[in-house]
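Asks: Take a look at the letters that make up each chain.
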Amino acid sequence: MARAISPQRKWLTTIAAWIVAIVIFFPVLWMVITSFKTEASAVAMPPQLFTASWTTENYADVWARSDYPRFFMNSVIIAVGSTLLGLAIAIPSAWAMAFVPGKRTKDLLMWMLSTKMMPAVAVMIPLVLAFQALGLFDTRIGLVLALMLMNLPIIIWMLYTYFKEIPAEILEAARMDGAGLWNEIVYVLTPMAIPGIASTMLLNVILAWNEAFWTITLTTTKAAPLSAFIASFSAPQGLFYAKLSAASTMAILPILILGWFSQKQLVRGLTFGAVK
Amino acid sequence: MSTHSTRLASRLMVAPSVLVLFVWMAVPLAMTLYFSFRFYRLLTPDRSGWVGINHYKWFLNAPEFWLAMGNTLALVGGVLLITVVLGTLIALLIDQPVKGQGALRILVIAPFFVMPPVAASIWENLFMHPQNGLFAALAQGLGMQPILFLEQYPMSSVIGITAWEWLPFATLILLTAMQSLSSEQLEAAEMDGASSFARFRYIILPHLTRAITVVILIETIFLLGIFGEIYTTTQGGPGSASTTLPYMIYKQAIIAKDIGRAAAGGIIAVILANIVAYFLMRGLGRNLDA
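Keeping their order, the protein sequence lines are chains A and B. Residue 142 in full-length UniProt numbering is what sits at position 142 of the first sequence, and the numbering runs on without skipping anything. Residue 22 in full-length UniProt numbering is what sits at position 22 of the second sequence, and the numbering runs on without skipping anything.
For the record, the hints were derived by calculation from the structure and aren't laboratory data. Mixed in with the good hints, there may be bad ones.
[As the list claims (entries may be wrong)] Derived lysine-lysine pairs resembling DSSO-like cross-links, with alpha carbons at most 27 Å apart: (1) A:K264 x B:K99; (2) A:K164 x A:K264; (3) A:K103 x A:K164; (4) B:K99 x A:K10; (5) B:K57 x B:K257; (6) B:K257 x A:K222; (7) A:K106 x A:K164; (8) A:K10 x A:K264.
[To be verified] In silico negatives: residues of chain A with every beta carbon more than 12 Å from chain B: (9) W54; (10) R65; (11) D138.
Keep in mind it's a predicted model, so treat the numbers as computed, not measured. Idealized CB from N, CA, C, for every residue including glycine.
Chain A with its partners taken away, still in its complex shape:
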């Protein structure tokens, strides 16, 4: 906004905004700080900041105590795999809904979203049984499928809102030039939709990475991702604060870095494509 604002007011709002931002961020910051303290220092009262004794041993301990690389790889495969598979199914659907809308398109979209409202716990036992029967229990492929289905409504909805912004005239022009349906999607629509697809992808990787119900319920060891890794470090009773913090930092750091580096697309993605 280009309104004339007095320098004092600018400083006041800047200070106020920074205080608010730091308060919101503080729990994450405190977790990272705690992860570098010794256990004794981490639980000391009053809390130590400048007088604390620092160490990187917690990270070495967590690394030695559990197979972090395996959990990490499982998280990457599940988050990326479910998102890519979801996009493959969702792109044609969202295309059709955006450019050849029928009378029931909006109802269909709302129905898809409403499937997400079914409480996961309600169907937990049948799903575990079904996954065991199909040999999908505790497999990466099983989790890729489960998380893909969980996020599919969101993926379709986001793509739909992005595709709707693309003017239909461009598609008509392509069609006049003799482009078939497939070519139209691959060469005309997709390049224009890349920013929207990127945002959708990013957001859904994050949602899948952070999913902590199915990833814990449908795995035991082989396919367990970082959400299960962190669950195994819980219940510390005050004695393992530093190690818990180190493990927590290791679980969220990859996605935190990804999110911060791709901030622009992410902000677009976080609005689910629904706010301009």
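Knowing the structure of chain A, use the given hints to seat chain B on it.
Replies: For chain B alone, kept in the frame of chain A given last:
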């Protein structure tokens, strides 16, 4: 542009999504429905048989059920209220010409990247813990008794943690919406002598309707199933003080090992979720003409 063949093609393109989502929804639902009328306890695997609507009767008559309903409502309503109100205020603040807006935004989004078990355990251990938590230290510094957050105010604590997780989402959507508001309109109102409250009430707020709608819709979808935050912190207690409907079902299935009862609870939860979904989609669908 809708010739017969494009229509057919578009149907074929929508079909896979509809099909997989339908299977994903219908198969577990059918199995849950079947179990809900059966005797099925993991501790007595030899006994089985039909029990009619007994599980449903048990569920609806359990005192815990109505408590759990109230808690679920408090969780969804509380988090929505906090995130929309605080989100609007924070968005208004960040939307001002402040220094370092980009860096500010990075800090504000951070909680969104924290997976629920981590968020819950940071808050439980590093902040709310009555002996070693930062809040306890703060209380002691002020000469007060530490507050037993998870024992005395379990539901409020869970609401607070969940609201922290969802605040970035609400703030960002509202901020994005605010930034698309034309500054000429606000300037004109300012020159006409409209107070800052009047400008907010009559120009900014109406402009935010759609954004608030999106926040409510998306958050409700996720909040109805909140589980990890409760599991990590209070385990639904003390007693049943922070047991929500999903958590009550979980307790029946995993702790009591009564799959039949849990299934009946699941069906009740699905029905309730559908009622909420119906009103939400009807009420909000109009605002959502995407």
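Asks: Flag every earlier hint the structure violates by its number, smallest first.
Replies: Hints that this structure does not satisfy do not exist here, as all of them hold.
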